[in-house]
Amino acid sequence: ILNVEQSPQSLHVQEGDSTNFTCSFPSSNFYALHWYRWETAKSPEALFVMTLNGDEKKKGRISATLNTKEGYSYLYIKGSQPEDSATYLCAFTDYKLSFGAGTTVTVRA
Amino acid sequence: DVKVTQSSRYLVKRTGEKVFLECVQDMDHENMFWYRQDPGLGLRLIYFSYDVKMKEKGDIPEGYSVSREKKERFSLILESASTNQTSMYLCASNPGTRQETQYFGPGTRLLVL
Chain A
1 ILNVEQSPQS LHVQEGDSTN FTCSFPSSNF YALHWYRWET AKSPEALFVM
51 TLNGDEKKKG RISATLNTKE GYSYLYIKGS QPEDSATYLC AFTDYKLSFG
101 AGTTVTVRA
Chain B
110 DVKVTQSSRY LVKRTGEKVF LECVQDMDHE NMFWYRQDPG LGLRLIYFSY
160 DVKMKEKGDI PEGYSVSREK KERFSLILES ASTNQTSMYL CASNPGTRQE
210 TQYFGPGTRL LVL
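Just so you know, the sequences run in chain order A and B. Each residue of the first sequence is one higher than the one before, counting from 1 in my numbering. Each residue of the second sequence is one higher than the one before, counting from 110 in my numbering.
Rather than coming from a laboratory, the hints here were simulated on the basis of the structure. Where is the CB? At the ideal position from N, CA and C, for every residue including glycine. One or more of the hints may lead you astray.
Chain B side only, calculated, beta carbon under 8 Å to chain A, not exhaustive [said to hold, decoys possible]:
id, residue
1, Val113
2, Gly149
3, Gly151
4, Tyr159
5, Val161
6, Met163
7, Gln208
8, Thr210
9, Gln211
10, Gly214
11, Pro215
Chain A extracted, bound-state conformation (with noise of 0.2 Å):
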């Protein structure tokens, strides 16, 4: 049973358009919440650590907030190109690394 769950599991997005989803995680012993591109026939690439509740980080059109009281993450993805296309995960740590099994979205021209 993964307690680090990211929905939608997959997502179409037009050329342009913005769009978001979702990572839940356990809300007690949070240490710190990752997430990671995953490109097809790539390695991973981490995109975000954060650690405080309330954080918001950004990397040129994709930004992610955290709440930690309540246990998510969202990553948005402003004006999709299809260079965004990729696998999304995220990952919790506690005393460890769980990952969840990814977003993968796919941005039509």
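Start from chain A and add chain B according to the hints.
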């Protein structure tokens, strides 16, 4: 840039074969990890190593063993491959505690027939 490389991108093996998956990192990281990824499931930790010759079981170690003779190299061994070990295998490393950001290799897709 941190580089983590894996010996093969694709492997096809037969049931019962002994399989070695090799991982090398070039950034002198203490910790190295082996995961498998299956559809609908998160990355699941098989084994990790926090120092040369040191290893610890992850969540799903059954059917696997590991070897870390040198700091930069971490091998995953399937002693007798079975069809339920068909999966994507990812290696990762990091320099600090096991909770910190990990740097991944490109993965090995293993098919066991």
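> Which of the stated hints cannot be reconciled with the structure, identified by number in ascending sequence?
Replying inline: 4, 5 and 6
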